[in-house]
Amino acid sequence: MFTFPIDYYLFVLAANIGVIQIIASMEKFHGILLIKSIIATRILGITISASSFIWFFFVTNRNVNDYEGGLDANQQALLFFLGTLSAFALTFIISSIVNARMNNKEIDTEQGLGNLKHTNYILAVKKNIRSWQKNGLPR
Amino acid sequence: MVYLDNKLLLWINGLSGKFRLLDNIMELLASDYLVPVLFMLALISFWITGDNTNDRKKHQIGILIALISMGLCNWAVYIINGIYFRPRPFETHEIYLLFYQPTDSSFPSNSAAFAFAIATAILMINKKLGITLYCIAALYGISRIFAGIHYPVDIIGSAFLSWVIVYAMFKLKPLLMPILNNVIRVAKILCLA
Numbered sequence: 001m002f003t004f005p006i007d008y009y010l011f012v013l014a015a016n017i018g019v020i021q022i023i024a025s026m027e028k029f030h031g032i033l034l035i036k037s038i039i040a041t042r043i044l045g046i047t048i049s050a051s052s053f054i055w056f057f058f059v060t061n062r063n064v065n066d067y068e069g070g071l072d073a074n075q076q077a078l079l080f081f082l083g084t085l086s087a088f089a090l091t092f093i094i095s096s097i098v099n100a101r102m103n104n105k106e107i108d109t110e111q112g113l114g115n116l117k118h119t120n121y122i123l124a125v126k127k128n129i130r131s132w133q134k135n136g137l138p139r
Numbered sequence: 001m002v003y004l005d006n007k008l009l010l011w012i013n014g015l016s017g018k019f020r021l022l023d024n025i026m027e028l029l030a031s032d033y034l035v036p037v038l039f040m041l042a043l044i045s046f047w048i049t050g051d052n053t054n055d056r057k058k059h060q061i062g063i064l065i066a067l068i069s070m071g072l073c074n075w076a077v078y079i080i081n082g083i084y085f086r087p088r089p090f091e092t093h094e095i096y097l098l099f100y101q102p103t104d105s106s107f108p109s110n111s112a113a114f115a116f117a118i119a120t121a122i123l124m125i126n127k128k129l130g131i132t133l134y135c136i137a138a139l140y141g142i143s144r145i146f147a148g149i150h151y152p153v154d155i156i157g158s159a160f161l162s163w164v165i166v167y168a169m170f171k172l173k174p175l176l177m178p179i180l181n182n183v184i185r186v187a188k189i190l191c192l193a
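Order-wise, the sequence lines are chains V and D.
Residue numbers 1 to 139, in the working numbering, belong to the letters of the first sequence in order.
Residue numbers 1 to 193, in the working numbering, belong to the letters of the second sequence in order.
Just chain V, same shape as in the assembly:
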């Protein structure tokens, strides 16, 4: 247990990592999976997300007014944004290490997220940036 804002940030971070893994496993975005097996990734995603909810809501009372230690709407929005950003950053970094060998030579910038089916995140972005410099923004 930390302070309320840190608890909320960690909750959002973990819930997001779990959800990203569940969706990545369903959409077969192999490039951002933290574990190579689709089924194991889905179980991991559900476990992380569910645990984050249980930890945040059931360990202590969260019905707290903002002037008594809770969060006001603006703080909540900001922390949610930061938590989500951190979750995506962490997922992209770790999955790029885990899937370092996943490198599809044919990258189609128009596909965006679709490229993550065959290429890890860092390589896909690298190729997209090169294509952008050469051909401009995708349609």
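Rather than coming from a laboratory, the hints here were simulated on the basis of the structure.
Predicted model only: the values in this text are computed from it and were never measured.
Heads up, the beta-carbon is just placed ideally off N, CA and C, and yes, glycines get one too.
Keep in mind that a hint or two might mislead.
Said to hold, decoys possible - Just the calculated beta-carbon pair ranges, DEER-fashion:
(1) D:Lys171 / V:Phe58: 40 to 46 Å
(2) V:Pro5 / D:Thr103: 18 to 24 Å
(3) D:Leu15 / V:Ile6: 34 to 40 Å
(4) D:Leu15 / V:Asn65: 22 to 28 Å
(5) V:Phe2 / D:Leu67: 25 to 31 Å
Claimed, not checked - List of simulated lysine-lysine pairs, DSS-like, C-alpha gap at most 25 Å:
(6) V:Lys117 / D:Lys57
(7) D:Lys128 / D:Lys173
(8) D:Lys173 / V:Lys28
(9) V:Lys28 / D:Lys57
Let chain V serve as the given structure and place chain D on it in line with the hints.
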């Protein structure tokens, strides 16, 4: 209208304090964090999913409109709260309170406006998910009446406000498309769209 509003409030809130399990479920549902986080996670999932690039783009444009509508709804609620102050039900009635005591105006409900804005916008592009979110938004509203912090009209007013704003945003969609398209094009470079 006020009579009906009070009557409905007392009937719904009258159910609280009777069944421990129901109280716990409603207290959790009425929380400032559960439904908002669930809705945002639903938007993130919906952003990533799609049968093909075009399908995904349709989802992403809908989500961007949902987020703009949500911002406008919160802004509209802020203005209405500044003009008209309605005391919370626990200040004017002897009711069972399952929540902390908020100090801002009761009408319209900011939390309900947020939930209904997202649900309405998603309903415009995906019926299945939209109806699910609508049901959760309605339950969220009911739980806040049950908890004793809102009148039924606060929730209905928020739903109506959200519907008007989301509908207007979808009507203005052609004007917004150049900006939304550029956001998605840049996101594609970063493999985020």
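To see whether the hints hold, each was checked on the structure:
no. : hint                           : verdict
1   : D:Lys171 / V:Phe58: 40 to 46 Å : holds (43 Å)
2   : V:Pro5 / D:Thr103: 18 to 24 Å  : holds (20 Å)
3   : D:Leu15 / V:Ile6: 34 to 40 Å   : holds (36 Å)
4   : D:Leu15 / V:Asn65: 22 to 28 Å  : holds (24 Å)
5   : V:Phe2 / D:Leu67: 25 to 31 Å   : holds (29 Å)
6   : V:Lys117 / D:Lys57             : holds (17 Å)
7   : D:Lys128 / D:Lys173            : holds (22 Å)
8   : D:Lys173 / V:Lys28             : violated (31 Å)
9   : V:Lys28 / D:Lys57              : holds (18 Å)
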